[in-house]
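**Q** These are the residues of each chain, in order.
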Amino acid sequence: MDTFVQQLINGLTIGSIYALIALGYTMVYGILRLINFAHGDIYMVGAYAGFILATSLGFAANPSAIGFVVTLVGSMAIAAAIGVAIERFAYRPVRKFSKMTTLITAIGMSLFIEYLFVFIFSGTPRSFPQLLQNDSYTIFGNATISTSQMLIFGVSIFLMIALQYIIFRTKIGKAMRAVSFNINSAKLMGINTNFVIAFTFAIGSALAAAGGVLTAQYNPKIEPLMGILIGLKAFVAAVLGGIGNIPGAVLGGLLIGAAETLVVGYGSYIGIPSTYRDAVAFAILILVLLIRPAGLLGSNVQEKV
Amino acid sequence: MLSFFIEILIPVMVIISILFVLNTMMINASWKKVLAIAVIDIAILYIVNAMMSDAGFFGTGIGDYSARLLVFIAINIILATSLNLINGITGQFSIGHAGFMAVGAYASAYFTVTYGESIEASFAFMGETGSSSVVLLIAILIAAIVAAIAGLIVGIPSLRLKGDYLAIVTLGFAEIIRIVILNIDAVGGATGYTVPGYANFLWVGIFTIITIVIIHNIVKSDVGRALVSIREDELAAEAMGVNTTRYKVTAFVIGSAFAGVAGVLFAHYNRFLSTNDFQFIRSFEIIIMIVIGGMGSMTGAILGAVIVTLLPEVLRQLPDIQIGATTFRFADLRLVIFALILILTMILRPQGILGTREFGLSWLKRPRKATAGTETTGDSEGVPIAENAEAKRLQSEEDRDQ
Chain W
193 MDTFVQQLIN
203 GLTIGSIYAL
213 IALGYTMVYG
223 ILRLINFAHG
233 DIYMVGAYAG
243 FILATSLGFA
253 ANPSAIGFVV
263 TLVGSMAIAA
273 AIGVAIERFA
283 YRPVRKFSKM
293 TTLITAIGMS
303 LFIEYLFVFI
313 FSGTPRSFPQ
323 LLQNDSYTIF
333 GNATISTSQM
343 LIFGVSIFLM
353 IALQYIIFRT
363 KIGKAMRAVS
373 FNINSAKLMG
383 INTNFVIAFT
393 FAIGSALAAA
403 GGVLTAQYNP
413 KIEPLMGILI
423 GLKAFVAAVL
433 GGIGNIPGAV
443 LGGLLIGAAE
453 TLVVGYGSYI
463 GIPSTYRDAV
473 AFAILILVLL
483 IRPAGLLGSN
493 VQEKV
Chain D
496 MLSFFIEILI
506 PVMVIISILF
516 VLNTMMINAS
526 WKKVLAIAVI
536 DIAILYIVNA
546 MMSDAGFFGT
556 GIGDYSARLL
566 VFIAINIILA
576 TSLNLINGIT
586 GQFSIGHAGF
596 MAVGAYASAY
606 FTVTYGESIE
616 ASFAFMGETG
626 SSSVVLLIAI
636 LIAAIVAAIA
646 GLIVGIPSLR
656 LKGDYLAIVT
666 LGFAEIIRIV
676 ILNIDAVGGA
686 TGYTVPGYAN
696 FLWVGIFTII
706 TIVIIHNIVK
716 SDVGRALVSI
726 REDELAAEAM
736 GVNTTRYKVT
746 AFVIGSAFAG
756 VAGVLFAHYN
766 RFLSTNDFQF
776 IRSFEIIIMI
786 VIGGMGSMTG
796 AILGAVIVTL
806 LPEVLRQLPD
816 IQIGATTFRF
826 ADLRLVIFAL
836 ILILTMILRP
846 QGILGTREFG
856 LSWLKRPRKA
866 TAGTETTGDS
876 EGVPIAENAE
886 AKRLQSEEDR
896 DQ
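Taken in sequence, the protein lines are chains W and D.
Using the working numbering, the first residue of the first sequence is number 193, and each one after it goes up by one.
Using the working numbering, the first residue of the second sequence is number 496, and each one after it goes up by one.
Don't take every hint at face value.
Stated by the list, open to error - With the Cβ distance kept under 10 Å, some of the chain D side facing chain W (calculated, not the full set):
| hint | residue |
| --- | --- |
| 1 | Ala533 |
| 2 | Ile537 |
| 3 | Gly687 |
| 4 | Gln774 |
| 5 | Ile776 |
| 6 | Arg777 |
| 7 | Ile838 |
| 8 | Leu839 |
| 9 | Met841 |
| 10 | Leu843 |
| 11 | Leu889 |
Note that these hints are calculated values from the structure, not bench results.
Cβ coordinates follow ideal geometry from the N, Cα and C atoms, glycine included.
I would like the entire structure built from these sequences, with the hints used as guidance.
**A** Structure representation (structure tokens):
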């Protein structure tokens, strides 16, 4: 039982990170119907931005809460700016073209960021400094939870609530919902759709960067290609929950994180070796889509003739 | 640098363009003509294969590099044309082509490693070349069947889904296939799998031409018309009595079978298989080829395969530039430049280099523009141009908005 609780805590930790990244995928998809493959790389950019901030501002030497907050917010701001720039210079010119064109542009952007970072920082992994004292607390008998895990839970819950507030309680949130409902009607109603789209990219990128810094606190190894697999899994999480649906992205992320860790922990009892860890997300996705073709919380839109 | 251009770029370009021009002559040609062209093709391939040696065509000593490039271009042409059948012609958004390639590669590799020598021994009377060719042909047949079955298994459930959902499921299946192979110890698992080298440039070239001819004929047949109708409007196609599910699965199965063939050739030329060769980035590469060349265009897919294979190698030749005390190695930036070129191509020419048109010698004969008043609904082949219609619709929407 203790190990089960432990596995669940670890799984939900990874799941929260998946959820943070999946939110960016799902928001951009909801508005532009674009699979932003470069989003996983924004997560990596966030981690590197945090690394540079923490080392250059000297937070690495003496851990403090202020250092952590400055690093987190700073890297979120940098990633948001990069996200907006990507949208402006790569995605906006191809927005009107076919799905394939936008997809290839996104793949091209992803390759561009990855190899630019390989060029600048070299492919060798770096160690992210510990910004807060990392302690372990015992809960539920023998299960432990570390400070970095609590940080991941706390910060992601805070960010998700903030996102919910932005989307449902502010004017720009209302505009985002309108644009996602119908971009042309929104334009007719006087909404500056370009600004709304840029804002969406900024928020999505900031969330991914937060995920990057938080993960780097939990698992301090960062490298330029770290965003590929986690980005893909976060995208799977977004589709699993119903792409375009914000609670769905969180649900999908947590579900995939928990399922992965449980397969590693207990899969051998039912004949699934732990090496199948990376296949779990896809297997769940395929099973769910066969039963609910629009994802868990997505609504199936009937095609009108 | 100079030897790269003399030894690699020029021969590769010359060989590819001769074959390319020759094969475009097959379009709308009679069967006799097609057969004659195929014979000439194979003769050219045979001569090139005989000329290939480690010394290279011009004795610069990097011949194996240019041979390797030619083979990889040919394998990529097979992959691109077969994916084009699924994505470009049928309009199904599949981004997991590397998975089927992996199935073909590993199935055939297991066969040749286990039974290759004994089959070779029983066909020993055909000589060394003859008996190894028999093994390769059986391996290709097996791989095509296994990959087609994989395509069927993936295709039937997936094709209930549409658009991006289909895309992510095909990607998911490809990754699952890769991870399952990674866990089979009989084919080497994570350490990789050493495979006998039965394939050479001649075989790869022959199968490239066979693939192009078969897929071209499928596209031009009544099946091809049905596939195009699904791409243009699935509901309308169904209303006209096209069994859309059946045709979609057909396209999927044929496409996967040829991806399997490409896998065999890759395995037996490269002589070593690792699951890292079949990651989803490989699938993306194939998608990039068909989109850069022009979705739905056979010659576009071929052109895309050539460009995507050659471009990183050309960029590798970029010079170092000395600024002050630091040296900028531009060659290290080749993948960054490649990505930039990709993005710029999409911005400047979103329909790809050829669009949905086919490149051919007919371009020289026929007036490019239709005369006024005879506007047709399709291109020179009578295939409706979805892209143009979509662009027009968007344009009119934009005009209305302003």
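**Q** Hint by hint, note whether the structure agrees.
**A** We went through each hint and held it up to the structure:
Nearest Cβ of chain W to the Cβ of D:Ala533: about 32 Å, over the 10 Å cut. The hint is violated. Of the supplied interface hints, the one on D:Ile537 is violated, with its beta-carbon coming no nearer than about 34 Å to a beta-carbon of chain W, more than 10 Å. The criterion of a C-beta within 10 Å of any C-beta in chain W is not met by D:Gly687, whose closest approach is roughly 16 Å, and the hint is violated. At its closest, the beta carbon of D:Gln774 sits 9 Å from a beta carbon of chain W; the interface hint therefore holds under the 10 Å criterion.
Checking D:Ile776 against chain W: minimum C-beta separation of about 8 Å stays under 10 Å; hint holds. This hint is violated: D:Arg777 has a C-beta 12 Å from the nearest C-beta of chain W, more than the 10 Å allowed. Hint status for D:Ile838 relative to chain W: holds, with the closest Cβ pair at about 4 Å, below 10 Å. Because the beta carbon of D:Leu839 sits about 9 Å from the nearest beta carbon in chain W, less than 10 Å, this interface hint is met.
Against a cut-off of 10 Å between C-beta atoms, the interface hint on D:Met841 holds, since the closest Cβ of chain W lies about 5 Å away. Below 10 Å, beta-carbon pairs count as interface contacts, and D:Leu843 has one with chain W at about 9 Å; its hint therefore holds. The interface hint given for D:Leu889 holds, since its Cβ lies 5 Å from the closest Cβ of chain W, which is under the 10 Å cut-off.
When held up to the earlier numbered hints, the structure conflicts with 1, 2, 3 and 6 and fits the remainder.
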